[in-house]
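First to last, the protein sequences are chains A and B. Just so you know, we're using our numbering here: the first sequence kicks off at 3 and counts up by one. Just so you know, we're using our numbering here: the second sequence kicks off at 3 and counts up by one.
Computed footprint of chain B on chain A; a stretch qualifies when at least three of its residues, placed anywhere within it, have a C-beta under 8 Å from a C-beta of chain B: (1) 4 to 17; (2) 133 to 140; (3) 176 to 184; (4) 213 to 226.
Keep in mind that the hints were calculated from the coordinates and are not lab data. Beta carbons: idealized from backbone N, C-alpha and C, even for Gly.
Below, each chain spelled out in residue letters.
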Amino acid sequence: MKDAFGIPQSLLVLGGSSEIALAVARRLVARRTRTVWLAGRPSPALEAGAEGLRALGAEVRTVPFDALETATHEEVLGKVFAEGDVDMVLLAFGVLGDQRRAEREPASAVHTAQVNYTGAVSAGLVCGAAMRRQGHGSIVVLSSVAGERARRSNFVYGSTKAGLDAFAQGLGDALHGHGVHVMAVRPGFVRTRMTEGLSPAPMAVGPEAVAEAVEEGLRRRAATVWVPARMRWAMAVLRHLPRAVFRRLPV
Amino acid sequence: MCVSRMKDGYIFSFMSSTTDAPAPVPVSGWGRTAPTAARLTSPRSPDAVLRAVAEAAGPGGRRGVIARGLGRSYGDAAQNAGGTVVDMTGLDRIRSVDAENGVVVCQAGVSLHRLMQALLPLGWFVPVTPGTRHVTVGGAICADVHGKNHHADGSFARHVRSFELLTADGTVRTVTPDGTPDLFRATAGGMGLTGIVLEATVELRPVRTSMMTVDTERATDLDDLMARMAAGDHLYPYSVAWIDLLARGARTGRAVLTRGHHAEPDALPRRLRRTPLDFRPGTLPAAPRLVPDGLLRPSTVGLFNELWYRRAPRARYGELQRIPAFFHPLDGLPHWNRIYGPSGFVQYQFVVGHGQETALRRIVEWIGRHGCPAFLAVLKRFGPGDPGWLSFPMPGWTLALDLPATLPGLPGLLDGLDELVAAADGRVYLAKDSRLRPELLGRMYPRLEDFRRLRREIDPRGVFTSDLARRLSL
Chain A
3 MKDAFGIPQS LLVLGGSSEI ALAVARRLVA RRTRTVWLAG RPSPALEAGA
53 EGLRALGAEV RTVPFDALET ATHEEVLGKV FAEGDVDMVL LAFGVLGDQR
103 RAEREPASAV HTAQVNYTGA VSAGLVCGAA MRRQGHGSIV VLSSVAGERA
153 RRSNFVYGST KAGLDAFAQG LGDALHGHGV HVMAVRPGFV RTRMTEGLSP
203 APMAVGPEAV AEAVEEGLRR RAATVWVPAR MRWAMAVLRH LPRAVFRRLP
253 V
Chain B
3 MCVSRMKDGY IFSFMSSTTD APAPVPVSGW GRTAPTAARL TSPRSPDAVL
53 RAVAEAAGPG GRRGVIARGL GRSYGDAAQN AGGTVVDMTG LDRIRSVDAE
103 NGVVVCQAGV SLHRLMQALL PLGWFVPVTP GTRHVTVGGA ICADVHGKNH
153 HADGSFARHV RSFELLTADG TVRTVTPDGT PDLFRATAGG MGLTGIVLEA
203 TVELRPVRTS MMTVDTERAT DLDDLMARMA AGDHLYPYSV AWIDLLARGA
253 RTGRAVLTRG HHAEPDALPR RLRRTPLDFR PGTLPAAPRL VPDGLLRPST
303 VGLFNELWYR RAPRARYGEL QRIPAFFHPL DGLPHWNRIY GPSGFVQYQF
353 VVGHGQETAL RRIVEWIGRH GCPAFLAVLK RFGPGDPGWL SFPMPGWTLA
403 LDLPATLPGL PGLLDGLDEL VAAADGRVYL AKDSRLRPEL LGRMYPRLED
453 FRRLRREIDP RGVFTSDLAR RLSL
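Work out the full structure: start from the sequences and follow the hints.
Structure representation (structure tokens):
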């Protein structure tokens, strides 16, 4: 069960090799989390993530999970929920994609969309239904400020996150009153492997900052969390800029 | 293709309920943290409770059942995510009152408020009342509540002659301290996990008026306070201190100590002597529904505490107070828990034994240094411990404080306090708890294993369970 501060005792991470997800998991394990399921495509990074959490004292199990294989989600995730209550699901898988390549090869854009959006919709609904049955839980969805307003330089990724963010909001409303809390996390630029080689945007943060914001959001049972918090106000301005101005911004 | 299949399967199931069982509703404790959804049933008779438990124990009820009274436990004791919560307040009959010997037989859903209304005119008072009279008799037994008279009279369960307990196998057993000692000790303070108390026989305290004679003293710091309590508590049946946890330095632990006893008729002014047993508690309008987080912060609470301390007389003896003002000041503001905002609050209550005053002092200093905006902090000196295996009181000092759940650094601070409490062989109160680290529970409650063993015996399938039980592996 989660405690008064929303900290879970059991955690299921979808996208278990994500650096942000592992930073969140480390932080939660340091508080109360004892059982962690790392779901992801089998890889050395997934096993290394599991080892890291075990070293902190958690009981960690890895589960083969592929966001693209939506037909398997019900079975794979159903097995995890059958083992006992899952207090929190962290939906963390996602790819950045390459915008230029996407414009040349639409198939690569479809891949980004299927991982970031379609896969998340499928896994989110499966987990939502399971949590509704157990009557409690938190679903934390890693969205992005990129979904707030699509940028010329990155609109394929941005549009998948826009869809994901809207999905998370709707899921939260569908589960409202059923004891399940859905929280969309909207980080700005996070310095990870995914963004390696890119020049950091303003207000860039590390994965630890996202973890801290997640913990705080759980405590407040927030529906939306911005990382850093002041990103909320920056985006409020950017969202209202006239199109012609926004298009010319070097963002 | 996949997605559309999902849609059929899931969106539909989100929107509709497939059985005639009541739809789940969110349930939380008085602190309003960590709400979870459960099917809430409100039986009006013991038979209906039996049916609700049988259903939860049957094939359709995978997630068990827990009884709930008036929901004054601060944490998750009366919640049961995905399962059934039995609202016991419909079982509200007082069966009989023995006005000669002071014994009441009543159903478990009767509140102490109701008992006071019925019994005070007959010259009887409840044996023990916590800081609110809006608790049920069943809840008072299962949390084994204590009051300002603990040092003299012990906890609530000490005054319970017997009760009827519905257990997981569907039988109703009569439980007494001598006839069935194990079941009695497991149930008193057992947080409803041994079964559902249906009815209880409780011994009462005779009173001649409904007024209290109260002595108030200010204590300049924690040592002064403890010295006054140790020296004088035995002269009073009721004693408690409000403590200013924001005061620091030389004033750390400054407090207002109030002690009293039930007033004798000749202490009453002439106009009250005609109706000495009158009991008509008044209330303010309820606290508004929408209060933002962050109203209670060190600045506002510090100001309140300063005024509260200065308002109290340095010493005043023989003041007459009504029962609600003396015992239940917060009951005057219905839904006062809303003032902490939507994120709710945490109540932290611990006890450390006599001889562990250093630990208490350290904890009070820590809380002060952290700048905790605690304005409802009380210190009480407990008497001998109580029979329940999970009963909270033990001889020593208990401190209770309320803190907003969003207070920065609070989870870590409270984890640190737990360690200090456990190291001092103390414990925290399960009726208040919403965040204890489960590993510490066994150190705090040495009879925990006995409790678990008995639960396995009488309820092997775990029909009775709660969020608290899941969180702490009770």
